[in-house]
Amino acid sequence: MAVDRSGLPIDTALPALRAALAARDSAVLTAPPGAGKSTVVPLVLLEESWARDKRILMLEPRRLAARAVAQRMAHTLDERVGRTVGYRMRRDTLVSKDTRIEVVTEGVLTRMLQSDPALEGIAAVIFDEFHERSLQADLGLALALDARATLASELKILVMSATLDAEGVAALLGDAPLVGAHGRSFPVETRYVGEGAPPMPQPARQAEGPERAVARVILRALREAEGDVLVFLPGAREIRRVAAMLESAGAAARILPLYGDLPPEAQQAALTPVAGSRR
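Each residue of the sequence shown is one higher than the one before, starting from 1 at the first, in UniProt numbering.
Calculated from the structure, these hints are not laboratory results.
None of the values given here were measured: they were computed from a predicted structure.
You may find that some hints are simply not true.
The calculated DMTMM-like cross-link candidates involving lysine to aspartate or glutamate, where the alpha carbons are at most 25 Å apart (straight line), are [claimed, not checked]:
hint	residue 1	residue 2
1	Lys97	Asp78
2	Lys97	Glu167
3	Lys97	Asp138
4	Lys54	Asp98
All chains should be modelled from the sequences, with the hints used to inform the complete structure.
Right under this line is the structure:
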């Protein structure tokens with residue numbers, strides 16, 4: 001299986017990671033966001049001798065991220081999701097008899113571990129973004145360790161994170177080897193709203209409301225900068241409100257909401273670049 005990684009930062013850590021998991025049953029991998037750990041590591045480990053004819057489970061805490069990671073890995077293999085790479089989450093599963101990498105969400109992993117403690121046919125369980133600590137993720141790790149100690153002695157466990165108390169987790173895993181990858185930096189310019197203009201009076205700012213203020217800043221960014229615009233908001237309600245404001249204002253871009261409860265087709269539309277179209 002040829003994996004085109006396009007020179008991602010995670011490449012430098014792969015030899016050490018492969019050696020660690022060949023020699024031990026656990027490892028901890030730290031790499032900054034964007035290094036490629038979520039979309040490259042499972043594909044590379046699938047080629048290892050200990051994973052032959054078995055599956056790899058990867059816990060991805062967020063539903064949106066689980067779909068996106070599975071889609072990216074499938075795209076790397078020039079396949080559709082559901083063949084070599086699939087996902088399982090509440091009310092949405094896309095796997096087949098040929099699937100060897102399953103990206104799962106927290107509740108799904110817990111149920112799989114409880115219903116099949118021996119983890120038949122599973123070569124490894126990967127805990128991605130482990131710094132996003134939750135009761136379900138901690139329980140999943142505890143169940144995986146218990147399964148390996150009693151019924152699945154050959155199971156590999158890999159914990160991955162961008163920011164993590166790596167030494168503490170490594171100790172929990174029996175002094176597991178630590179593997180790290182460096183990231184890469186990009187220039188960042190910070191612009192402050194209202195710079196060079198009279199400050200907006202406090203009562204007016206309060207009357208405007210946060211969503212309308214965000215929409216105003218986005219319209220300004222579309223006028224003054226090139227390329228796409230990525231906006232972070234607290235929740236789905238705020239996303240829908242700002243999107244509606246931008247649509248009514250005739251924003252010179254496609255307005256694409258993105259949150260976990262959207263249908264998969266709408267999520268994919270937001271994640272797929274379209275030539276000649278600004279988003």
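Discussion item. Next pair to validate is Lys97 with Glu167; report whether the Cα-Cα distance is within 25 Å.
Written reply: Not satisfied, since the Cα-Cα distance of roughly 38 Å exceeds 25 Å.
Worksheet item: Are Lys97 and Asp78 close enough, with their CA atoms no more than 25 Å apart?
Response: Satisfied, since the Cα-Cα distance of roughly 18 Å is no more than 25 Å.
Fill in: Given pair status - Asp138, Lys97, alpha carbons within 25 Å
violated (29 Å)
Fill in: Pairwise hint evaluation, Asp98 against Lys54, where the allowed Cα distance is 25 Å at most
holds (10 Å)
Against the hints set out earlier in the document, violations occur for numbers 2, 3.
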